[in-house]
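Asks: Protein sequence lines correspond, in order, to chains A and B.
Using the working numbering, the letters of the first sequence map in sequence onto residues 666 to 953.
Using the working numbering, the letters of the second sequence map in sequence onto residues 122 to 430.
These are computed hints drawn from the structure, not numbers from a lab.
Be a bit skeptical, because a hint or two may be false.
[Unchecked claim] Some chain B residues well away from chain A (every beta-carbon gap over 10 Å; in silico):
| hint | residue |
| --- | --- |
| 1 | Gly222 |
| 2 | Thr224 |
| 3 | Ser229 |
| 4 | Leu285 |
| 5 | Ala335 |
[Unchecked claim] In the DMTMM-like style, the derived pairs of lysine to aspartate or glutamate whose C-alpha atoms are separated by at most 25 Å in a straight line are:
| hint | chain 1 | residue 1 | chain 2 | residue 2 |
| --- | --- | --- | --- | --- |
| 6 | B | Lys328 | B | Asp361 |
| 7 | B | Lys328 | B | Asp278 |
| 8 | B | Lys131 | A | Asp791 |
| 9 | B | Lys131 | A | Asp784 |
| 10 | B | Lys131 | A | Glu761 |
| 11 | B | Lys131 | B | Asp159 |
| 12 | B | Lys131 | A | Asp775 |
| 13 | B | Lys131 | A | Asp865 |
| 14 | B | Lys328 | B | Glu372 |
The structure presented is a predicted model; accordingly, all values stated were derived computationally and were not measured.
Yeah, the Cβ is synthetic: ideal placement off N, Cα and C, and Gly gets one too.
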Amino acid sequence: MTAVLEATGLGKRYGRRRWALRDLDLVVDEGSITALVGPNGSGKSTLLKAWVGFERPTTGTLRIRGIDPVRNRGAAVAVAGYVPQAPSLYRELTVEDHITFAAYHRPGFDRALARGYLDDLSIPFDSRADELSGGQQAQVGLALALGTRAPVLLLDEPLASLDPLARREFLQVLVEAVRAAGSTALLSSHVITDIEQACDSLIVLGGGRSLLAVSISEAIAGHGIVTGDEPRPIGAQVVGSFPSSTGERLTLMRGLAGRPATLEEVVIGHLAAGRPDRPAKAERKVAA
Amino acid sequence: MRDSIRLTLKMHRFELIALIAFTAFVFVAAFWVAGQLDAVGYGPCAVDRGPVPANCESLGREWYQIQESQASPLFGFLAILPFATGLFLGGPLISREIERGTTRLAWSIAPSRLRWYLSRMLPIVAAVAVVTFAAGIAADRLTAAISPNVDIANAFDGFGQRGLLVAVTGLVMAAGAIGLGAVTGRVLPTVILALILGTLGITGVTKLHDDFTAGEAILVDGEYVGRGDRYVDQFFRLSDGRLVDWNGLAEFDPGAMMREEEPNYPIVSLVIPGSRYREVETRQAVVLGGIAGLMLAGTAVIVQRRRPG
Numbered sequence: 666m667t668a669v670l671e672a673t674g675l676g677k678r679y680g681r682r683r684w685a686l687r688d689l690d691l692v693v694d695e696g697s698i699t700a701l702v703g704p705n706g707s708g709k710s711t712l713l714k715a716w717v718g719f720e721r722p723t724t725g726t727l728r729i730r731g732i733d734p735v736r737n738r739g740a741a742v743a744v745a746g747y748v749p750q751a752p753s754l755y756r757e758l759t760v761e762d763h764i765t766f767a768a769y770h771r772p773g774f775d776r777a778l779a780r781g782y783l784d785d786l787s788i789p790f791d792s793r794a795d796e797l798s799g800g801q802q803a804q805v806g807l808a809l810a811l812g813t814r815a816p817v818l819l820l821d822e823p824l825a826s827l828d829p830l831a832r833r834e835f836l837q838v839l840v841e842a843v844r845a846a847g848s849t850a851l852l853s854s855h856v857i858t859d860i861e862q863a864c865d866s867l868i869v870l871g872g873g874r875s876l877l878a879v880s881i882s883e884a885i886a887g888h889g890i891v892t893g894d895e896p897r898p899i900g901a902q903v904v905g906s907f908p909s910s911t912g913e914r915l916t917l918m919r920g921l922a923g924r925p926a927t928l929e930e931v932v933i934g935h936l937a938a939g940r941p942d943r944p945a946k947a948e949r950k951v952a953a
Numbered sequence: 122m123r124d125s126i127r128l129t130l131k132m133h134r135f136e137l138i139a140l141i142a143f144t145a146f147v148f149v150a151a152f153w154v155a156g157q158l159d160a161v162g163y164g165p166c167a168v169d170r171g172p173v174p175a176n177c178e179s180l181g182r183e184w185y186q187i188q189e190s191q192a193s194p195l196f197g198f199l200a201i202l203p204f205a206t207g208l209f210l211g212g213p214l215i216s217r218e219i220e221r222g223t224t225r226l227a228w229s230i231a232p233s234r235l236r237w238y239l240s241r242m243l244p245i246v247a248a249v250a251v252v253t254f255a256a257g258i259a260a261d262r263l264t265a266a267i268s269p270n271v272d273i274a275n276a277f278d279g280f281g282q283r284g285l286l287v288a289v290t291g292l293v294m295a296a297g298a299i300g301l302g303a304v305t306g307r308v309l310p311t312v313i314l315a316l317i318l319g320t321l322g323i324t325g326v327t328k329l330h331d332d333f334t335a336g337e338a339i340l341v342d343g344e345y346v347g348r349g350d351r352y353v354d355q356f357f358r359l360s361d362g363r364l365v366d367w368n369g370l371a372e373f374d375p376g377a378m379m380r381e382e383e384p385n386y387p388i389v390s391l392v393i394p395g396s397r398y399r400e401v402e403t404r405q406a407v408v409l410g411g412i413a414g415l416m417l418a419g420t421a422v423i424v425q426r427r428r429p430g
């Protein structure tokens, strides 16, 4: 596998004290659709922006297809399609105007491809951006990113404000486009069920660091859940504890222990472990 | 290129339509009022020496009435226009994009932010130039109407408030507002700051240029300043040939100040001849235009380095 996105010892500090990212080492392989998961303030947006040259790292290095976005931002942008967190369309312009705008500014922009995606979703080309629903605006943003035919797609919580149907449509378009073009996508999101369907790899960020970076199948197969005071198998490693929706205490274990964990439990367990001042941290030890 | 210009103008169509409509109104009104003033036929009355027609009093009343009630408000609008145009077209150009987050889309699509900046900035700067130049022409016409018997191409009447300098003032305001917008990333603070800093900056540069131009003034005998000339200062010529002001005269001849009649020393005036108007106007326009150019170039550097917000 070739690494398309790399971060080595990456740190980003805002102001004098607040580190959004710290000592982050990360690799995203070519052709994968990777989910970037983490709580608010875990540095997901900062990381994605850094790869397109919107943020300058305080420490460490970044590469996108071997290009350092700090030294050569133009080249980095040229290989990336970026979908920002909130729809960032020009409210005065129509959908067609946005395609014209992208075609003017991006060499090689595929108008037909972008139009095709929007046509399939019945998004009217003559509608102004502020007349579109949130889901439609997100689709326009995605279509513009896909129209760049960039080998790397960076999507910064594009699903956050969408209803379930719009999320499903968005992910369907994304997955089909990425698979068809053989490109690589890194998608940050809070919605675990969507990730499970669309992504093949998972990176969990917490406290500005990478807590977990595995394939989705490995994440599920490699963890188990022990409930309450249920005895923990000898040799199984505790990852983190957290309450279930019914208030029951759940403990995420590495390896085959207890019942199989869901992806959501894997993510939450690792996030709980990543919080320095939570009880889960104290429980992180090899069970006797 | 045409598409890009169209999109930029479309993004700012509200401001553009409002300012173009306002300028068109002021432009037409200025020419109409100038025509009214010309039609009064007050010219033969506005002479410094010699006989005047018998009906000058009634003509003067009518002429001044039009000037006060119509020409003066128009001059007020024309004075505001370059500032308003520069602020309202230049201010939101980049700041609104950063405020609304559209720079995230634009800068992720465009590998060259410089190309993006030029495609956004040039049509707006051109629009500012056109609108303010039209205002300058209207001010020229109105100045000619209120200065009968003066060739305003060779006269300092209304200097800085008409012609090329109106357009350049608009460009400086626009360039400053564009630059401040790129720094602050917010529209309202940009407009307020640009208004304050732009006004102070233009006033300062104009003052410096005035001082420089005063150094080129020539001496003419007497108190008379020819029509169209720019008055700089007046002096008394002493018997030993020295030129002094009132304070200097008081030191030289304290008694002269005590007498009731005017001091018996020849008066000389320091003036810039009206024939130098175009030259002085062009020089000031080049200085202000250069400053505008530097600010626009500086903004390109800010755009290259800035976070998209």
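Asks: Hint by hint, say whether it matches the structure.
Replies: Hints, one by one, checked against the model:
For B/Gly222, the shortest C-beta to C-beta distance to chain A comes to about 4 Å, within the 10 Å cut-off, and the non-interface label is violated. Its beta-carbon lying about 8 Å from the closest one in chain A, B/Thr224 breaks the requirement of being farther than 10 Å from that chain. Look at B/Ser229: its CB is around 4 Å from the nearest CB on chain A, not clear of 10 Å, so calling it non-interface is violated. For B/Leu285, the condition that its CB be more than 10 Å from all CB atoms of chain A holds, with the nearest at approximately 33 Å.
Look at B/Ala335: its CB is around 48 Å from the nearest CB on chain A, clear of 10 Å, so calling it non-interface holds up. A distance of roughly 33 Å separates the Cα atoms of B/Lys328 and B/Asp361; the hinted pair therefore is violated under the 25 Å criterion. The straight-line distance between the Cα atoms of B/Lys328 and B/Asp278 is roughly 17 Å, inside the 25 Å bound, and the hint therefore holds. For a cut-off of 25 Å, the pair hint linking B/Lys131 to A/Asp791 stands: about 14 Å separates their Cα positions.
Annotation: proposed proximity of B/Lys131 to A/Asp784 holds, straight-line Cα distance about 24 Å (limit 25 Å). A hinted pair counts as satisfied when its Cα atoms are at most 25 Å apart, and B/Lys131 with A/Glu761 qualifies at roughly 13 Å. For the hint pairing B/Lys131 with B/Asp159, the CA-to-CA distance comes to about 40 Å; that exceeds 25 Å, so the pair is violated. Distance hint between B/Lys131 and A/Asp775 is fulfilled; the C-alpha atoms sit about 23 Å from each other, no more than 25 Å.
The hinted pair formed by B/Lys131 and A/Asp865 fails the criterion: a straight-line CA distance of about 42 Å is larger than 25 Å. Pair hint B/Lys328 plus B/Glu372 does not hold up; C-alpha atoms about 30 Å apart against a cutoff of 25 Å.
Of the numbered hints stated above, those contradicted by the structure are hints 1, 2, 3, 6, 11, 13 and 14, listed in ascending order.
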